[in-house]
Amino acid sequence: MSQDRSQLVETIRDVVAQHAHLSSDAASLSASESLYTAGMTSHASVNVMLGVEDAFDIEFPEEMLTKETFESLDSIAQAVATLQDEQ
Amino acid sequence: MDQPCVVAVGCDTQSARAVRQAWLHHGQRYLNTVLATSEHSGTSMSVEEITQRYALKEAVAKALAVRSDEPWAWRWIAVHKSPAGVEDHDGVPAGAQRWSVHVTDGALQTAQRQGIDQWRAWSWFCGHGVTASGYATVVALTGAKS
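Top to bottom, those sequences are chains A and B.
First residue of the first sequence: 781, per this note's numbering; consecutive thereafter.
First residue of the second sequence: 10, per this note's numbering; consecutive thereafter.
The set of hints was computed from the structure by calculation and includes no laboratory data.
A portion of the hints provided could be inaccurate.
[What the hints assert, rightly or not] Straight-line Cα separation of at most 30 Å, DSS-like style, residue types lysine-lysine; simulated pairs:
1. K71(B) <-> K847(A)
2. K71(B) <-> K90(B)
3. K847(A) <-> K90(B)
Whole structure, please, built from the sequences with the hints as guidance.
As structure tokens, this is what we get:
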């Protein structure tokens, strides 16, 4: 289970590296580190959301569209895991 | 007669290059995410216009001081260009486009909690190439009469 979560985080890290336009290297981010503090703008978070939806073939419902959901690799992974469990 | 009171002001700037990249990469899904249904016109929209629309929506979100745990969808805000020559008693800055702002769903609830019942909004687009950006200012009012 923890390995699944780890793979989830790494896939999200790839999406973040491509879409978040961080000021630091996404590879060096800890899972709990704030993406906003690392330089992700609100507009970039839209890109990340769409990229995560593509990567996992999911759609974020409006109630999950909060700043907290996209705060870190961990928080995005938690949201993805919740949506996958519901499928 | 009571005059409307300013509740909050929001300002924002957005890079046209970032908007162009997002649109090219995600296509119609990007537009469906950031635009309200009423903003989808039959004619094609320019990067310049989408950049200004997004800056206006971000400025509205800042004026509403949306909490980090509060759901937020960009399509809950619709902005529409006011016709040229519209009388503006507050004064429109030179070169600015005036917009009307309509909030729905969660954005409307947040606005109502703060007593906001009218908006003033302006945008500009300046620069070329990588520096091209949209700039927006919105003013949230309470006690306004349409």
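Each hint tested on the structure:
With a C-alpha separation of about 13 Å, the suggested pairing of K71(B) with K847(A) holds against the 30 Å cut-off. About 20 Å separates the Cα atoms of K71(B) and K90(B), which keeps this hinted pair within 30 Å; it holds. Restraint check: the Cα-Cα separation between K847(A) and K90(B) comes to about 28 Å, which is no more than 30 Å; the hinted pair holds.
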